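Participant: The primary structure of each chain is shown beneath.
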Amino acid sequence: MTDSATVDRRRFDEEASAAPVVAPERQGVIAWESLPRRMVTVYLPLACFIVVLLFPFYWMAITAIKSNEELYDYKNHNPFWVSSPTLDNVKKLLFETNYPEWLTVTMTVAIVSTLISIFASVLAAYAIQRLKFKGSPYVGLGIYLAYLVPPSILFIPLATMVFQLRLYDSPLALILTYPTFLVPFCTWLLIGYFKSIPYELEECALIDGATRLQILWRITLPLAVPGLISAGIFAFTLSWNEFIYALAFIQSEENKTVPVAILTELVEGDVYHWGSLMTGALLGSIPVALFYSFFVEYYVSSLTGAVKE
Amino acid sequence: VATTARSWQAAATQPSWLVRLFDYKPFLIVICMLPCIGLLVVFLTYPLGLGIWLAFTDARIGTSGEYIGLWNYRFLFGDPIFWLAVGYTLLYTVVATVGKFALGLWLALILNNYIPFKSFVRAIVLVPWIVPTVLSAIAFWWIYDPQFSIISYVLVDLLGWRETYIDFLGTPWNARFSLIAANIWRGIPFVAICLLAGLQTISPSLYEAAMIDGASAWRRFLHITLPMLLPILAVVLTFSVIFTFTDFQLVYAITRGGPVNSTHLMATLAFQRGISGGQLGEGAAIAVAMIPFLVGATVFSYFALANRKWQQGGRDD
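One line per chain: the protein sequences are B and F, in this order. Each number in my numbering corresponds to the 1-based position in the first sequence with 17 added. Each number in my numbering corresponds to the 1-based position in the second sequence with 1 added.
Keep in mind that the hints were calculated from the coordinates and are not lab data. Just so you know, these numbers come straight off a predicted model, no measurement behind them. A few of these clues could be false.
Unchecked claim - Derived coverage of chain B by chain F (criterion: at least 3 residues anywhere in the stretch with Cβ under 8 Å from a Cβ of chain F; other residues may be distant):
hint, region
1, 75–84
2, 134–141
3, 150–160
4, 175–188
5, 221–230
6, 270–282
7, 301–314
Stated by the list, open to error - A few chain B positions that, by computed beta-carbon distances, are all more than 12 Å from chain F:
hint, residue
8, P53
9, D90
10, K92
11, S100
12, E113
13, N115
14, P117
15, T121
16, F198
17, L199
18, E217
19, I236
20, L245
Just so you know, even glycine gets a beta-carbon here, dropped at the ideal spot from N, CA and C.
Take the sequences, apply the hints, and build the full model.
Facilitator: Structure representation (structure tokens):
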């Protein structure tokens, strides 16, 4: 555990400290890059990017807490600000709709399918990377290709399967289908992670008479904890954000996941209640955003690590 | 004494048959691969084959359908809405991918500079990618509202650059480009963070050498940054093209294919015909029609760009 932690921390540190280490050299070389120039080439575009990337969330949040008369009156109220914030929309969403139930369903589906995927991926990644059998590179390639099969192609045949298995309108349908895109990704990530664990450690254990499963359980897995966390976070957010299967396989209101329910249940006819829609969007984003903020370093490293592999 | 010691040893080192079975490598490999391969075969490979089969049947929801050959495709090829969807899907993919990569690369180059609070900035930049697409799409829907669009408000009331509010989603071309803009917005973080990881692996000494030789910033970018970035660019491009081409959520959430079917992507059309309309066979035919494009795009972006890896002496795995 300590070994992996230091190895891993070093990896993060390298990534994080790359800029400060490089910076003095570069600043020495690019001596003519004065502050005004840096303002124009770096800070100004960066500020524009951040404003554009975050504005929709600001707009979502500010709309969510506006009262209706303020929301539709740009002449007398500055639309960028709110003068009398109200929590009516939040109250309405939490107590007058099935939002808590949608949240429970989404949570359950995300957690269970993540656990299933991690279990399957750990075993597969261990077999491919450590047990090295004939044809294991091809199996690895096959799993990589499986990740490239988009849900948009699979949802129609999966819908017929879900019908035949009598799982239509049940969260179980989602729990069983989400691993199709979670397992390839997690396996791929974990193969890369297992590669970074020194094989000598396992050899030592093998010489000491440990069985393969003991090695996996006592040595490889504890060393791979950061990789497992990365894979878990990724799988959780991917299943939280999944839309097309949840839209196609679930019909009754109380079994819907948060993204689907907010789009289909809060839009009533032609009149859009923008206040409650934005509140729904905001509250649906907050859990995953919170989750993300706790593990952001793992997230970034697994995203970039998986692409680099 | 010697004999007892030997028998004790034999007993101690002889594990049970179950343990031995689990230590037998071929058996262990099968056991380890079983959950993963089982899940993927049942819920991925089989549906993929089933989808191709369904494309040649007249299946509806509730009936399994009969083989009708190429009839679905004959119908679709004579259907202007299908061709409109194909055309828009291609336009959407090309324009959004170019936009995402141009802006994403720019953002990555900016982030590769020395910036205060770097990891915080990086975390913030990824947020559009984390939040469920449908929910940010709803925000865009509100931003594109014909009456209360904040963009129109800024252009008309604050800056006075225009006379009338823009009807973002009401006319076909406006709607098409509004959707592409939303897709670019959502795609920039992923591209930027992945390319940033690639940029950080480029050794600064290369830039120093080039600067000593008097290379301008543009030539340094063209002859060092871009070639060094190509392998990772190829992977990210493949991903981006595939997931833009098969995009569903943004269009479904914002326009549902309207106005007058002008913004249907192939995926949304397949959903509309297959699930909402109940014509599973026809929907499957549209979905299967995406496969040749996907294979083509993957092969092209992978082989056109990734062979650089061998040229640089890297291992291609």
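Participant: Are the hints correct? Go through all of them and say.
Facilitator: Now the hints, each set against the structure:
1. 75–84: holds (count 3)
2. 134–141: As far as the region 134–141 of chain B goes, the hint holds, because 5 residues have Cβ atoms under 8 Å from chain F.
3. 150–160: holds (count 4)
4. 175–188: holds (count 5)
5. 221–230: Check passed, 4 qualifying residues.
6. 270–282: holds (count 5)
7. 301–314: holds (count 8)
8. P53: holds, 15 Å
9. D90: violated, 10 Å
10. K92: Given that some Cβ of chain F is not farther than 12 Å from that of K92 of chain B, nearest at about 9 Å, it is violated.
11. S100: holds, 17 Å
12. E113: Answer for E113 of chain B: holds, closest chain F Cβ roughly 19 Å.
13. N115: holds, 17 Å
14. P117: holds, 17 Å
15. T121: holds, 17 Å
16. F198: violated, 9 Å
17. L199: Its Cβ does come within 12 Å of chain F, the nearest being 9 Å, so this is violated.
18. E217: Nearest chain F Cβ is 19 Å from E217 of chain B, so the label holds.
19. I236: holds, 15 Å
20. L245: L245 of chain B clear of chain F: closest Cβ-Cβ about 15 Å, beyond 12 Å.
Violated hints, listed in ascending order, are 9, 10, 16 and 17; each of the other numbered hints is respected by the structure.
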